[in-house]
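A.B. asks: Sequence:
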Amino acid sequence: MAGSRVLRHVDPLTATAWSVLGGLLFLLPFGVWDAITAPPAGVPIAAVAGIIYSGALAAGVANVLVFNAVRLVGPTRASAMQLLVPAGAVALGAIFLDEPVRLAQVVGGVVIVVGVVTTRRASVMPSALRDRLRVPA
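If you're matching positions, the sequence shown starts at 2 in this note's numbering and goes up one per residue.
In short, the hints are calculated from the structure, not lab data.
Fair warning: there could be bad hints in the mix.
[Said to hold, decoys possible] Restraint-style ranges between C-beta atoms, simulated for each label pair:
| id | residue 1 | residue 2 | range |
| --- | --- | --- | --- |
| 1 | 92 | 129 | 34 to 42 Å |
| 2 | 102 | 26 | 37 to 45 Å |
| 3 | 109 | 132 | 31 to 39 Å |
For every residue, glycine included, the Cβ atom is placed at its ideal position computed from N, Cα and C.
All chains, please: the whole structure from these sequences, using the hints.
C.D. replies: Okay, structure coming up:
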């Protein structure tokens, strides 16, 4: 992964800043075009505050944390751990928002955890089969 090579030389906060700047430069022409051609719309201040919070704080902090994880444990393990985010969101929604947790969400959470545990194993292939498939040098 190119990101892990970059993170050997650049700290995660700087990498996040450059990522955000690159995304801004890519998306800015589309935003300007849309602002020029779209009919005027009233945007509530709460919506603007929500967008700023989501982009600057939540996504910014999340990127710094992910880049730190890539730097510390490598891209494969960091990516595998990111798969736990939906299960965590369901758990936090149940705890803080009193949202119901249904059977499908529990099954999905189990599948996610089994998948993450599987990726953490040295090999998912049974050793007998791995030995039979091994090509002598």
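A.B. asks: Taking the hints in turn, state whether each one holds.
C.D. replies: Hints and how they fare:
1. 92 <-> 129: 34 to 42 Å: Holds - the Cβ-Cβ distance for residue 92 and residue 129, about 38 Å, lies within 34 to 42 Å.
2. 102 <-> 26: 37 to 45 Å: Hint holds: Cβ distance 41 Å, inside 37 to 45 Å.
3. 109 <-> 132: 31 to 39 Å: For residue 109 and residue 132 the Cβ distance comes to about 35 Å; the hint holds.
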